[in-house]
Amino acid sequence: MAVDGSVERLRREGRIVVVGASLAGLRAAETLREEGFTGTLTMIGDEPYEPYDRPPLSKQVLLGRVPADHTALPRRRAIEAQWRLGVAAAGLDPTAKRVALANGTSVEYDRLLIATGVRSRPWPNELEAGLDGVFVLRTMDDATRLRHRLKAGPSRVLVIGAGFTGSEIASVCRERDLPVTVAERGPTPLSGALGSVIGDVAAQLHHQHGVDLRCGVMVTGLEGDGAGRLRRAHFSDGGTLDAEVAVVALGATRNTEWLAGSGLAAGPRGIACDAGCRAFDVRGIVTDDVFVAGDVARSPHPLFGYQFLSLEHWGNAVAQAEVAAHNMICPGEERRPHLWTPYFWSAQFGVNIKSVGVPNMADQIIVSQGSLGEHRFTAAYGYQGRVIAAVTFDQAKWLEFYQRQIEQAAPFPPPFTTVDRRTEGMRPVPAGFPDPSVPTHGPQVTVSGHSPTDQRVTFTPA
Amino acid sequence: MRVVVDLNRCQGYAQCAFLAPDVFAMHGEEALLYDGQPDDTRRLDVLRAEAACPVKAITVEGAGATWAAEGAGVSDGG
Chain X
6 MAVDGSVERL RREGRIVVVG ASLAGLRAAE TLREEGFTGT LTMIGDEPYE
56 PYDRPPLSKQ VLLGRVPADH TALPRRRAIE AQWRLGVAAA GLDPTAKRVA
106 LANGTSVEYD RLLIATGVRS RPWPNELEAG LDGVFVLRTM DDATRLRHRL
156 KAGPSRVLVI GAGFTGSEIA SVCRERDLPV TVAERGPTPL SGALGSVIGD
206 VAAQLHHQHG VDLRCGVMVT GLEGDGAGRL RRAHFSDGGT LDAEVAVVAL
256 GATRNTEWLA GSGLAAGPRG IACDAGCRAF DVRGIVTDDV FVAGDVARSP
306 HPLFGYQFLS LEHWGNAVAQ AEVAAHNMIC PGEERRPHLW TPYFWSAQFG
356 VNIKSVGVPN MADQIIVSQG SLGEHRFTAA YGYQGRVIAA VTFDQAKWLE
406 FYQRQIEQAA PFPPPFTTVD RRTEGMRPVP AGFPDPSVPT HGPQVTVSGH
456 SPTDQRVTFT PA
Chain A
49 MRVVVDLNRC QGYAQCAFLA PDVFAMHGEE ALLYDGQPDD TRRLDVLRAE
99 AACPVKAITV EGAGATWAAE GAGVSDGG
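From first to last, the protein sequence lines stand for chains X and A.
If you're matching positions, the first sequence starts at 6 in the working numbering and goes up one per residue.
If you're matching positions, the second sequence starts at 49 in the working numbering and goes up one per residue.
The set of hints was computed from the structure by calculation and includes no laboratory data.
None of the values given here were measured: they were computed from a predicted structure.
Where hints are given, some of them may not hold.
[Claimed, not checked] Examples of chain A residues toward chain X, derived with CB under 10 Å: (1) Met49; (2) Arg50; (3) Gln63; (4) Ala100.
Think of the CB as a built atom: it goes at the ideal place given N, C-alpha and C, for glycine as much as any other residue.
Whole structure, please, built from the sequences with the hints as guidance.
So this is what it looks like as structure tokens:
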């Protein structure tokens, strides 16, 4: 029974389907019940586990402090859902309002929330990716396997990619006293996210803790022995390295393939949605019954020029899920925008790294408190004369202050004098991000047709 | 019982690490590591830690009761 038209009736007896049973999906479900939704709630997840927390996987789980299955998320309340776990969504028919599942069944909805998140980008060569000893780290199963292998004491671990996950894994390896090499294509670790000024500090942390860090180099191939076990890696500079374990930490891919042909604006960079979490269709027209939240969503943020941001941030998943759930069961005038200020953390080499705002939009950086050399500082990022982000290394208490600076578009460089014991003056310097004028993506959407009535918008590749 | 800490909120005050040291531990100056599923015998300590957190970053679930109340519940699919 469809319940179009009446929000009251939807709240009472509607059918809501949540695809994606992780942090965003769970918090959305809790919010729906919290706000009085009493209809049927179906939770679909491709992993066989109830929702669990991922950040601990690359830290306390790999360190061996807690088992991987100790990260199931606490419930804020009972959600009385029908769980379909261990089965992936395979397709969406938005006209019939039906989600097809990989096991051949389907589920109908009045409102749909898509929270399918991301998965780790695999090693591109399938044969090499299949070698025993080659890992990725995204899921609880990944963490269990990798933890087991690290415990066995491999002769050397190779981490491919020095973003946050790669750096955290390298840090864990050193803490477990395992020899580790990190290969990073960029000039420093974390340079894509934080720029090379801060990246240089990250590189010092690697060196100080005995990581064999190799920047400006790519891994060109992984070589196995006769039994299919990883033995050696080859680098773009012609070098080789013997390693028993390689962890591929090359970022993530959004789980949108199942939406191919659905007509939604879903592609490799996520699913476009408005600030109210409503999905756009491929023509750029907003839907009213399909909502998006979490890592898979791309939504415009007024603070950042209405740019469509997709954030793989824990806090964003929670906040966006709450807004999406609220808007799903509210009439237009009661809906809320998702105006969350991006916030994330990482812990590596015993240092607490936190960030607020969007550092990689910045052109300049200034160390406003502490010093880079002490690895304890606050850096503000500027974009066209305003504060757009801040990063702290072991100075997290300052971040909230900078969050307000960002939200109020405070001038950059900051005009205030901070209480600080440094004697050298403060001076902004280029932040050291990769040149944005060099394209890294081809066109994704093409428009065809000769007359306006005939116009088609197509994703490329589909 | 289940615990999660919102590490965006956490500012390393370390109250939890003092009150429930076998569940929460500082790693370096400011970073926090914790066991998301401590033994039920630690319940009182964990609740004290939750109450003491100056930024209210700790969420504790009632000793598994909510999940259990939903029935075995997990999965009819796959």
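query = Checking against the hints above, which ones are violated?
reply = The structure breaks hints 3 and 4; every other hint is satisfied.
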